[in-house]
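Enquirer: Take a look at the letters that make up each chain.
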Amino acid sequence: MTLDKFLVVAAALFCCGLYTVMTRRNAVAVLMGVELILNAANINFVAFSHFLSRVMGGQIFAVFVIVLAAAEAAVALAIFLRLFATTGTVEVDTADQLKG
Amino acid sequence: MNGPSDFIFYAAAALTVGSAILVATLPNIIYAAVALLFAFAGVAGLYVFLSADFLAATQVLVYVGGILVLILFAVFLSNRLADVKISNPGHFHLPAAAVCLVLFGVLSYTAVSTPFAVKTAVYLPTTADIGEMLMTRYLLPFEVASVLLLAALIGAALLSRPERGTPEKADMEEGRG
Numbered sequence: 001m002t003l004d005k006f007l008v009v010a011a012a013l014f015c016c017g018l019y020t021v022m023t024r025r026n027a028v029a030v031l032m033g034v035e036l037i038l039n040a041a042n043i044n045f046v047a048f049s050h051f052l053s054r055v056m057g058g059q060i061f062a063v064f065v066i067v068l069a070a071a072e073a074a075v076a077l078a079i080f081l082r083l084f085a086t087t088g089t090v091e092v093d094t095a096d097q098l099k100g
Numbered sequence: 001m002n003g004p005s006d007f008i009f010y011a012a013a014a015l016t017v018g019s020a021i022l023v024a025t026l027p028n029i030i031y032a033a034v035a036l037l038f039a040f041a042g043v044a045g046l047y048v049f050l051s052a053d054f055l056a057a058t059q060v061l062v063y064v065g066g067i068l069v070l071i072l073f074a075v076f077l078s079n080r081l082a083d084v085k086i087s088n089p090g091h092f093h094l095p096a097a098a099v100c101l102v103l104f105g106v107l108s109y110t111a112v113s114t115p116f117a118v119k120t121a122v123y124l125p126t127t128a129d130i131g132e133m134l135m136t137r138y139l140l141p142f143e144v145a146s147v148l149l150l151a152a153l154i155g156a157a158l159l160s161r162p163e164r165g166t167p168e169k170a171d172m173e174e175g176r177g
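Just so you know, the sequences run in chain order A and B. Position one of the first sequence corresponds to residue 1 (the working numbering), numbered consecutively onward. Position one of the second sequence corresponds to residue 1 (the working numbering), numbered consecutively onward.
What the hints contain is simulated information worked out from the structure, not anything from laboratory work. Warning: the hint list may mix true and false statements.
With beta-carbon atoms standing in for the labels, derived distance ranges [to be verified]:
(1) B:128 with A:98: 44 to 54 Å
(2) A:97 with B:123: 49 to 59 Å
(3) B:143 with A:53: 19 to 29 Å
(4) B:7 with A:86: 49 to 59 Å
(5) B:11 with A:86: 37 to 47 Å
(6) B:157 with A:68: 13 to 23 Å
(7) A:94 with B:153: 22 to 32 Å
(8) A:53 with B:28: 38 to 48 Å
(9) A:98 with B:154: 16 to 26 Å
(10) B:3 with A:94: 49 to 59 Å
(11) B:121 with A:97: 44 to 54 Å
(12) A:97 with B:147: 29 to 39 Å
(13) A:95 with B:3: 51 to 61 Å
Where chain A lies over chain B, by a calculated footprint (3+ residues, C-beta under 8 Å) [said to hold, decoys possible]:
(14) 6–16
(15) 44–53
(16) 57–70
(17) 99–108
(18) 130–138
Residues from chain B that face chain A, not an exhaustive set, calculated with beta carbons under 7 Å [claimed, not checked]:
(19) 36
(20) 90
(21) 116
(22) 149
Predicted model only: the values in this text are computed from it and were never measured. A virtual CB, placed ideally from N, CA and C, is assigned to each residue, including glycine.
Given the sequences, and given the hints that come with them, work out the whole structure.
Expert: Right under this line is the structure:
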């Protein structure tokens with residue numbers, strides 16, 4: 001268990017999340033990809049904090065990221081439900097009412 | 001550290017990455033949500049190896065217990081149960097896969113080839129320290145985060161509440177009934 005192993009795992013997680021965000025049409029699935037990306041960033045924060053420093057700033061930062069992810073998920077899902085009530089679907093490429 | 005702990009580390013890493021790949025590729029979004037559960041659990045296992053016990057518990061409580069339930073609610077509420085079109089094909093598969101593979105190569109090459117000044121790792125309980133730092137050095141971000149959570153809560157409740165009083169909305173709701 002060295003630092004680079006954790007970084008490689010986080011990179012794989014990030015790339016899976018990025019692939020999910022880029023390929024999915026369903027907005028809820030896109031949100032799942034965002035959560036994967038946030039988890040990858042969290043692993044990096046905690047791994048760097050654990051291996052490179054004695055203070056726990058990385059873990060504190062990860063706590064705040066988790067808080068923000070929870071808030072973001074709640075607001076995003078409320079928006080999705082409103083989108084579904086308006087258009088009858090949550091596919092991201094059908095939500096183009098603001099397109100000029 | 002050798003032996004069983006290494007094995008458990010590789011198991012947690014494989015669980016995380018494998019579940020993340022399933023999240024990215026499974027066509028059925030409910031299966032993807034279940035795979036996301038295992039990915040979050042694997043990340044919690046990785047936190048244990050980074051001596052982040054508080055974060056591991058928080059990960060299980062907030063992600064597995066909270067966010068995943070929210071996502072499942074959204075999946076079930078945002079699909080008409082009559083026409084089960086839950087699995088739909090994505091788009092841009094090939095370019096997205098190319099970009100992600102190249103990015104993964106670059107990131108992992110950078111991670112492996114960079115000489116980090118690694119200190120000897122210590123494994124100590126962190127919950128008391130995190131609590132103390134949240135109340136002293138990181139008090140302002142803590143308070144800002146609490147206000148943000150309150151705002152997000154009110155905003156989510158306001159957004160998801162059905163509008164009453166506007167006649168066109170009432171007509172739409174009756175028509176959908």
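Enquirer: Three residues minimum, CB to CB under 8 Å: does the stretch 57–70 of chain B make the cut for coverage by chain A? Let me know.
Expert: It holds: at least three residues are needed, and the stretch 57–70 of chain B offers 7 whose Cβ sits within less than 8 Å of chain A.
Enquirer: Using the C-beta atoms of residue 7 (chain B) and residue 86 (chain A), is the stated range 49 to 59 Å upheld?
Expert: Since the Cβ atoms of residue 7 (chain B) and residue 86 (chain A) sit about 51 Å apart, the hinted range of 49 to 59 Å holds.
Enquirer: Look at the Cβ atoms of residue 121 (chain B) and residue 97 (chain A) and judge whether their distance stays inside 44 to 54 Å.
Expert: holds (52 Å)
Enquirer: Close enough to count: is the Cβ of residue 149 (chain B) nearer than 7 Å to one in chain A?
Expert: holds (6 Å)
Enquirer: Three or more residues of the stretch 99–108 of chain B near chain A by CB distance under 8 Å?
Expert: Coverage by chain A holds for the stretch 99–108 of chain B (7 residues, Cβ < 8 Å).
Enquirer: Measuring from the C-beta of residue 116 (chain B) to each C-beta in chain A, is the shortest one below 7 Å?
Expert: holds (5 Å)
Enquirer: Confirm or reject the claim that residue 53 (chain A) and residue 28 (chain B) have a C-beta distance inside 38 to 48 Å.
Expert: holds (42 Å)
Enquirer: Please check whether the stretch 130–138 of chain B has three or more residues whose CB lies within less than 8 Å of a CB on chain A.
Expert: Holds: 4 residues of the stretch 130–138 of chain B have a Cβ under 8 Å from chain A.
Enquirer: Could one say that the CB atoms of residue 157 (chain B) and residue 68 (chain A) fall in the range 13 to 23 Å?
Expert: For residue 68 (chain A) against residue 157 (chain B), whose Cβ atoms are near 18 Å apart, the range 13 to 23 Å holds.
Enquirer: Per the coverage rule (Cβ-Cβ under 8 Å, at least three residues), is the stretch 6–16 of chain B covered by chain A?
Expert: holds (count 4)
Enquirer: Between residue 95 (chain A) and residue 3 (chain B), does the C-beta distance stay in 51 to 61 Å?
Expert: holds (52 Å)
Enquirer: Just tell me: holds or violated, for the beta carbon distance of residue 3 (chain B) and residue 94 (chain A) against 49 to 59 Å?
Expert: holds (53 Å)
Checked against the numbered hints above, the structure violates none of them.
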